[in-house]
Amino acid sequence: MKEPICELAREQLTQKEEWRRHASGCPDCRELLVVTEWVTALAASTAITRELPTAGYLFFKARIQEKLSAADRAVLPLQAMIVAAGILLAATIIALLLGGETRVGSIMIDAIRLLLLYAGMIVLGALIVTAVCVVTGYLGNLINTPHRRSGNN
Amino acid sequence: MEDQLFESIYEQTARPLWAYAARISGDASAADDILQETYLRFLRAPGRPDDPKEAKQYLYRIATNLVYDRFRSQTRRGETEIAEAAHASSSTFAADLEMTQVFSRLKEQERMLLWLAYVEGYDHQQIARIAKLSKLSVKVLLFRARHKLAQMIEGEKT
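Residue numbers (our numbering), protein chains in the order written: chain B, 32 to 184; chain V, 412 to 569.
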């Protein structure tokens, strides 16, 4: 398969008469000319029949999406804590139902005791992570806002 | 990105980008969604270019990915034939039904390559970046697509 050399000069030559004359005798260039004209005509006939959204609307929508995803990221540690609490609760209920008499039940009760022992530390850790996320988001906003303002001026 | 800079890029690129999405996906309604999602992704992208020419290429790359994603999900759902039929009979393209029918017979990638090369005037290197292909692949695939379309045009004439 051979890419016609004339392809390299396509943009410069498409409109030139001499190339059109050459194309009439060169099958590769004729093919290129036919396709170029055909696709260009197709593009010209592609009419937009509907109203496109404005740039301002898209800009605003993107900003809202940005804020929402930042908020989602910020509550992620809290969501993890809720899931952990749910698992702990479920385990507690199962352990209470099974009672301390069975082996599984006593193991679970021991595990819950151990977890509760460290629960304070876990909660404190989660709170610190949440605080860091919130502060980082706030600082990020602080850094970005003056930049945008100065950019607009 | 500043509001004004984005507005200027949008003014320059929205219509050609919509036409590209509409012709490649073959669905004017899908083109609306693709257009909107393209600009939203562009605005959210951390390393987006400010230069209008580079921004335009970047936008075409996003739009091409979105068209491919849409095509892949259609293929998974087995809707490709329905989409092609919709393409061929779409009222948006009714004015040039013959051309539309010919164009819809090409594969999605062929339509994309032909459009980028002959409507947008991108060179092989630029198309390779937009379509995430190698320059050599673009050269070969474009050659084949052009040859195929030329034969189809000839076939329509006779």
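Don't read these hints as lab results, they were simulated from the structure. Fair warning: there could be bad hints in the mix.
Capping the alpha-carbon separation at 20 Å, the derived lysine to aspartate or glutamate pairs in EDC-like fashion look like this [to be verified]:
| # | chain 1 | residue 1 | chain 2 | residue 2 |
| --- | --- | --- | --- | --- |
| 1 | V | 559 | B | 49 |
| 2 | V | 467 | V | 422 |
| 3 | B | 92 | V | 444 |
| 4 | V | 518 | B | 49 |
| 5 | B | 92 | V | 422 |
In this text, all values refer to a predicted model and were calculated from it rather than measured experimentally.
Here is what the structure says about each hint:
Distance restraint check for residue 559/V and residue 49/B: the Cα-Cα separation of roughly 26 Å exceeds the 20 Å cut-off, and the hinted pair is therefore not satisfied. Pair hint residue 467/V plus residue 422/V holds up; C-alpha atoms about 11 Å apart against a cutoff of 20 Å. For the given pair, residue 92/B sits about 14 Å from residue 444/V by alpha-carbon distance, which is consistent with the 20 Å threshold. This hinted pair does not check out: residue 518/V and residue 49/B have alpha carbons roughly 33 Å apart, beyond 20 Å.
At roughly 17 Å between alpha-carbon atoms, residue 92/B and residue 422/V fall within 20 Å of each other, so this suggested pair holds.
In the structure shown, a violation is registered for the earlier hints numbered 1, 4, in ascending order.
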